[in-house]
Amino acid sequence: MNYRMIKRTLGWILLFEALFFVVPVITAICFREWRELWHILLAMSACGVLGWICAFVGKVENKSLYAKEGIVIVASSWIVISLFGALPFCTSGWIPNYIDALFETVSGFTTTGASILDGATIDKFPKCLLMWRGFTHWVGGMGVLVFLMAFLNLSGGRNINLLKAESPGPSVSKLVPKVRSTAGILYIIYAALTVLMFVMLVLGGDPKMDVFDSVTTAFATAGTGGFTNHSDGFSGYTSYSQIVVTVFMVLFSINFASYFFILRGRFKEAFNTEVRVFLGIVVAAILLITINLQLTSGYTYTTGEALKHSAFSVASLISTTGFATEDFNLWPAFAKTILMLVMFVGACAGSTGGGIKVSRVVILFKGATHEMKRMLHPNQVKKISMDKKVVEHEVVRGVNAYIGAYILIFILSLLLVSFDCADLVTDFTAVSATFNNIGPGLGLVGPSGNFAFYSWWTKLVFIFDMLAGRLEIFPMLLLFAPATWRK
Amino acid sequence: MNVIIVGCGRVGATLAEKLNDDGNDVTIIDKSAEKVKTITSRCDIMGIVGNGATHTVQREAGIDRADLLIAVTNSDELNLLCCMIAKKEGDCKTIARVKNPEYSAETPYFKDELGLAMVINPEYATAEEIARVLRFPSAIKIEPFVKGSVELIKFRLPVGCKIAGMSVKEVVMKLKCDVLVCTIERGEETYIANGDFVFAEKDVVSIIATVKNAKDFFEKINYKGNSIKDALVVGGGVITHYLCGILERSSISLKIVEKDLSVCEELSNRWDKVVVIHGDAGDQELLREEGVSNAGAFVALSSTDEENILLSMFAKSEGCNKLITKIKRTDYDSVINRLDLDTTVCPKSITADIILRYVRARKNAKGSHVRTMYNIVQDKVEASEFIVEENSPIVGKPLCELKFKSEVLIASITRGNTVIVPRGNDIIQAGDAVVIVSGQLGLQDVADVLK
Chain A
1 MNYRMIKRTL GWILLFEALF FVVPVITAIC FREWRELWHI LLAMSACGVL
51 GWICAFVGKV ENKSLYAKEG IVIVASSWIV ISLFGALPFC TSGWIPNYID
101 ALFETVSGFT TTGASILDGA TIDKFPKCLL MWRGFTHWVG GMGVLVFLMA
151 FLNLSGGRNI NLLKAESPGP SVSKLVPKVR STAGILYIIY AALTVLMFVM
201 LVLGGDPKMD VFDSVTTAFA TAGTGGFTNH SDGFSGYTSY SQIVVTVFMV
251 LFSINFASYF FILRGRFKEA FNTEVRVFLG IVVAAILLIT INLQLTSGYT
301 YTTGEALKHS AFSVASLIST TGFATEDFNL WPAFAKTILM LVMFVGACAG
351 STGGGIKVSR VVILFKGATH EMKRMLHPNQ VKKISMDKKV VEHEVVRGVN
401 AYIGAYILIF ILSLLLVSFD CADLVTDFTA VSATFNNIGP GLGLVGPSGN
451 FAFYSWWTKL VFIFDMLAGR LEIFPMLLLF APATWRK
Chain B
488 MNVIIVGCGR VGATLAEKLN DDGNDVTIID KSAEKVKTIT SRCDIMGIVG
538 NGATHTVQRE AGIDRADLLI AVTNSDELNL LCCMIAKKEG DCKTIARVKN
588 PEYSAETPYF KDELGLAMVI NPEYATAEEI ARVLRFPSAI KIEPFVKGSV
638 ELIKFRLPVG CKIAGMSVKE VVMKLKCDVL VCTIERGEET YIANGDFVFA
688 EKDVVSIIAT VKNAKDFFEK INYKGNSIKD ALVVGGGVIT HYLCGILERS
738 SISLKIVEKD LSVCEELSNR WDKVVVIHGD AGDQELLREE GVSNAGAFVA
788 LSSTDEENIL LSMFAKSEGC NKLITKIKRT DYDSVINRLD LDTTVCPKSI
838 TADIILRYVR ARKNAKGSHV RTMYNIVQDK VEASEFIVEE NSPIVGKPLC
888 ELKFKSEVLI ASITRGNTVI VPRGNDIIQA GDAVVIVSGQ LGLQDVADVL
938 K
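One line per chain: the protein sequences are A and B, in this order. Going by the working numbering, the first sequence opens with residue 1, and the numbers climb by one from there. Going by the working numbering, the second sequence opens with residue 488, and the numbers climb by one from there.
Next up, chain A with everything else stripped away, as it sits in the complex:
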């Protein structure tokens, strides 16, 4: 294990976090929130000093990063960045309990959007800290190390190990030969889409959607996070804003490689199986919920409203963002079940969204049908293929292992969480909402509820789940596996 290189990379991560703090600092100055400003500056200097020591003190001779170091760096840097990111919430006294502050920060970086703040607190929360919450979504969406790689020339060809460990999806491929250029291209697309969304929100003429709200909403949507600045979520905004957010939630949950291919004019590759299946699921889910809302008595939506709300909710949950215009907790059971299903499916691989990922679901389905055919013709030779390309056995194996670990962690978390005596629906959806990086669940943790009532122990379980969900389970598991640390 190359400890020095790990230490140095973590140092760089901290230096970048110090840089990230510039955003809330500027906000604090704009809104004259001097008290909070000092606390943010304190956290910023802590990151800066410690980062500088880790990155520059001592010599690093061996610069090689193998798969093992890649995994340890990715997992530990997400923990470190969350530990320091929680500081201003805690020291400024707005979230006095450090575990709560950590929960909020991890929820931010992992683009979960689950909050321990109740509505009353959110409405009077200082702007600079709201901005920091939103900005953690944006940074966490595309990945901290991808950001690092885009700007730093980390030597050696094995950087792909870092990209692989941090990017979601069953198999990660580069867009261009160099890792650094690939990371740069991803961030440029990401930033361009975010800016486009911000401009569309600002120009929408929504009285409640001021510049500040537009920025944080754009950050939260881009990262498919889900923090909002208001206790009433998204219901206070105009239909225009809601539709813009719906469209962008879908856009941000499509594989970013698709945008690259569109820019290069390679449309066939852009609209690959995964994207088509994803869009199919979105459309089907929206239609089913709309019809369900229309046919069930007791709901007073017009067809247009039903369509709008169901589109918003489906986009919000399948992209694992977690915004809400309506309290879908009160919807009929069929609609809620559909929403729960899309929660698990999640976004496309290579996007900022969470969940199991559409490509994995597709491979699972193909694998299952393939196995069934083999039962009929035991000697049949056939490989699973996607987009006319053979899916390597290794990828299929990886997907199966992922699903196995996913279910195992899900059940274990559910068991650990159940000590807190909430009802089963709440517990189940709370684990699902954190593990899939969505945010709100159903029951007590529904769109109008929050996670504050859980004990500190359960919150730690959720923190682990959020990190494991964002990093696709294995880096977090391996970080705590003895075999990783054995010589």
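In short, the hints are calculated from the structure, not lab data. Predicted model only: the values in this text are computed from it and were never measured. A virtual CB, placed ideally from N, CA and C, is assigned to each residue, including glycine. Hints should not be assumed to be uniformly reliable.
[Said to hold, decoys possible] 27 Å max Cα-Cα, derived DSS-like pairs, lysine-lysine:
#1 Lys388/A / Lys522/B
#2 Lys63/A / Lys505/B
#3 Lys164/A / Lys524/B
#4 Lys524/B / Lys487/A
#5 Lys522/B / Lys164/A
#6 Lys174/A / Lys505/B
#7 Lys268/A / Lys524/B
#8 Lys522/B / Lys68/A
#9 Lys524/B / Lys63/A
#10 Lys524/B / Lys366/A
[To be verified] Stretch-level coverage of chain B by chain A, calculated; a stretch enters the list once three of its residues show a Cβ under 8 Å from a Cβ in chain A:
#11 509 to 516
#12 525 to 535
Guided by the hints, dock chain B onto chain A, whose structure is given.
What follows is chain B alone, placed relative to chain A:
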């Protein structure tokens, strides 16, 4: 540069690694997912699994943005097809490895009609390398320029050498030799030779000359170890075939030992002067009988590495001084080096080196007219070959009237088939191939050498 490599064998992988180290954007295509995975986890390059001779795969690899496509799969036909498709799909230079002698005889057609930038035959390149070593066995390095008509030869002046203590000017005047001294390495220092430079013993000297003049020069300075008259070659494969052709008109006579009678007959029918022995080279008595101990050089070109190594060691123990051993696998280089086998040649490494040199020259020469470029002394002195254009400022004036920068040397001028070693009164004409030695790296154009 954007480079696409088709075929991830030893040559492809070596090229990918080296080109990536040089800072190029490399994409590699191979049918085997495993090979692609291995190389992409080791270097920062993009890998694509598929058949490189299909336009869909080439498009996926970004052929429209590529500057160069190198086809080094195992199949000649596939390589040629790759290059032709690449030419059609994108505007890039193409290099193909072609092993089959019937195809490589068609090289001019491939270049002119199919637009390939380079066709490389590993066996022929190896034979050329062997021929160069046989001509100047004690040269440290020999590099061909202007399609092999001029060579750059690097050698060490022995102790007690005649020209030690003489200046460059004196040597040229007294010996009446048409060679051009380029650089002299003494200890850590490298000098670009001017007329007044004085040679010393143990200097490493680089000269540029035609094959014949270089030979004259070495004879006149009494440079020993330059006297190979005959060579004993084991194995009658393709390389041997090429070697016979290259050495046909030289004074070196070849004796070939080959097991297969039909191959023997074919060789002796094709090459009159060559002595072909039918027999097993593993038979030590046979080798002794054919005079392995007195042979000027022993060249082991059989098909297996182990046999070649053992044969060379046997020849060495019998007292043969110059050994050339063909080795296919380079994995055990460090072990083989310890065996003290003198010169070893590896067709794949030679292929990779030649392609690499071409790419480096092109990269250095984006928008300029460098044809070949060669590092005489790593990172200090370069020799580059240019084609002079009509409106170039160096055309039409005697060299002594042109004002050159310091550390610049016009090393040779090739006009048609004649090679001129430039002196003050010579005039460069448009269309000449000029070799320039310079301490200033990365020359873009001939005009860059003027003040």
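Hints and how they fare:
A threshold of 27 Å between alpha carbons decides the hint, and for Lys388/A with Lys522/B the separation of about 21 Å falls inside it, so the pair holds. Annotation: proposed proximity of Lys63/A to Lys505/B holds, straight-line Cα distance about 19 Å (limit 27 Å). Of the pairs offered as hints, the one joining Lys164/A and Lys524/B holds, with about 13 Å between alpha carbons and a cut-off of 27 Å not exceeded. A hinted pair counts as satisfied when its Cα atoms are at most 27 Å apart, and Lys524/B with Lys487/A qualifies at roughly 26 Å.
As the CA atoms of Lys522/B and Lys164/A are separated by approximately 18 Å, the hinted pair is consistent with the 27 Å bound. Using a Cα cut-off of 27 Å, the hinted pair Lys174/A and Lys505/B holds, with the two alpha carbons roughly 20 Å apart. Using a Cα cut-off of 27 Å, the hinted pair Lys268/A and Lys524/B holds, with the two alpha carbons roughly 24 Å apart. Annotation: proposed proximity of Lys522/B to Lys68/A holds, straight-line Cα distance about 21 Å (limit 27 Å).
The suggested pairing of Lys524/B with Lys63/A holds, with an alpha-carbon distance near 22 Å, which does not exceed 27 Å. Distance check on the hinted pair: Lys524/B and Lys366/A sit about 24 Å apart at the alpha-carbon level, within 27 Å; holds. Chain A is given as covering the stretch 509 to 516 of chain B, and this holds because 3 residues of the stretch bring a CB closer than 8 Å to a CB of that chain, at least three being needed. Counting residues of the stretch 525 to 535 of chain B whose CB lies closer than 8 Å to any CB of chain A gives 7, so the stated coverage by that chain holds, three being the minimum.
Going through the hint list in order, the structure satisfies each hint without exception.
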